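Undergrad: If you read the sequences in order, they're chains A and B.
Sequential numbering from 1 applies to the first sequence in this note's numbering.
Sequential numbering from 1 applies to the second sequence in this note's numbering.
Take these hints with a grain of salt, some might be off.
Claimed, not checked - Some chain B residues flagged as far from chain A (calculated, every beta-carbon gap over 10 Å): (1) W7; (2) S20; (3) G52; (4) P69; (5) S107.
Claimed, not checked - Once the Cα atoms are required to be at most 25 Å apart in a straight line, the calculated SDA-like pairs of lysine to any residue come out as: (6) K79(B) with N94(B); (7) K109(A) with G41(B); (8) K105(A) with E22(B); (9) K42(A) with E26(B); (10) K105(A) with D85(B); (11) K105(A) with E57(A); (12) K70(A) with K42(A).
Said to hold, decoys possible - Residues of chain A placed beyond 10 Å of chain B at every Cβ, according to the derived structure: (13) L11; (14) S26; (15) S28; (16) A29; (17) E45; (18) K70.
In case anyone wonders, no lab produced these hints; they're calculated from the structure.
Just so we're clear, the structure is a prediction, and the values are computed from it rather than from any experiment.
A virtual CB, placed ideally from N, CA and C, is assigned to each residue, including glycine.
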Amino acid sequence: QKEVEQDPGPLSVPEGAIVSLNCTYSNSAFQYFMWYRQYSRKGPELLMYTYSSGNKEDGRFTAQVDKSSKYISLFIRDSQPSDSATYLCAMRDNFNKFYFGSGTKLNVKP
Amino acid sequence: SQTIHQWPATLVQPVGSPLSLECTVEGTSNPNLYWYRQAAGRGLQLLFYSVGIGQISSEVPQNLSASRPQDRQFILSSKKLLLSDSGFYLCAWNLDRKSIYGYTFGSGTRLTVV
Numbered sequence: 001q002k003e004v005e006q007d008p009g010p011l012s013v014p015e016g017a018i019v020s021l022n023c024t025y026s027n028s029a030f031q032y033f034m035w036y037r038q039y040s041r042k043g044p045e046l047l048m049y050t051y052s053s054g055n056k057e058d059g060r061f062t063a064q065v066d067k068s069s070k071y072i073s074l075f076i077r078d079s080q081p082s083d084s085a086t087y088l089c090a091m092r093d094n095f096n097k098f099y100f101g102s103g104t105k106l107n108v109k110p
Numbered sequence: 001s002q003t004i005h006q007w008p009a010t011l012v013q014p015v016g017s018p019l020s021l022e023c024t025v026e027g028t029s030n031p032n033l034y035w036y037r038q039a040a041g042r043g044l045q046l047l048f049y050s051v052g053i054g055q056i057s058s059e060v061p062q063n064l065s066a067s068r069p070q071d072r073q074f075i076l077s078s079k080k081l082l083l084s085d086s087g088f089y090l091c092a093w094n095l096d097r098k099s100i101y102g103y104t105f106g107s108g109t110r111l112t113v114v
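Looking at chain A on its own, in the form it has when it is part of the complex (with noise of 0.2 Å):
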């Protein structure tokens, strides 16, 4: 079993539209979770973090992490064509190591 799991996709939605990403894993250590956007060709880049459980807002976005079912979130609201990417979770561990998802490509069409 995978450390952290996350659906390849491809997602296509309608520009506007609210976005779902989601992420499960499985080892209940994880403390600090990432979400990471990563456009073709390029590197990723970190787009929000959060600590433990609960939900934190950056503008558009909203990473919602619930820790009794192992599963973080990645919320996008009124979508746009340039949110179009690949979209990597990650995990951090208590030995400072670092766990990534396989990534959700993301196409938010105009």
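We have chain A; now place chain B onto it with these hints.
TA: Chain B only, in chain A's frame:
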């Protein structure tokens, strides 16, 4: 501000040829440096990390090696490439391995071994 440079952006190499990918960081001192490989559908795999000049830790035994000849320079090498070495190679840095923010990544090198 800090920047990370990685080159080349794209590389096509024959099986059995050597490899050298270079990464440099500007605007900071004593960074932790990392080499990751990203394969389709498999996420990011940590290959090497370095906490200082000449200090290299390998996460996965393989056909590759890494070196850190200067504080802000990290090199990924191979003496003889295999087909399985194809992938997207990413250099990354942070100042603290305990960082909750993860890394800052370079723009990557797409390596195709033919």
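Undergrad: Hint compliance check: list the failing hint numbers for this structure, sorted ascending.
TA: 5, 6, 8, 12, 17
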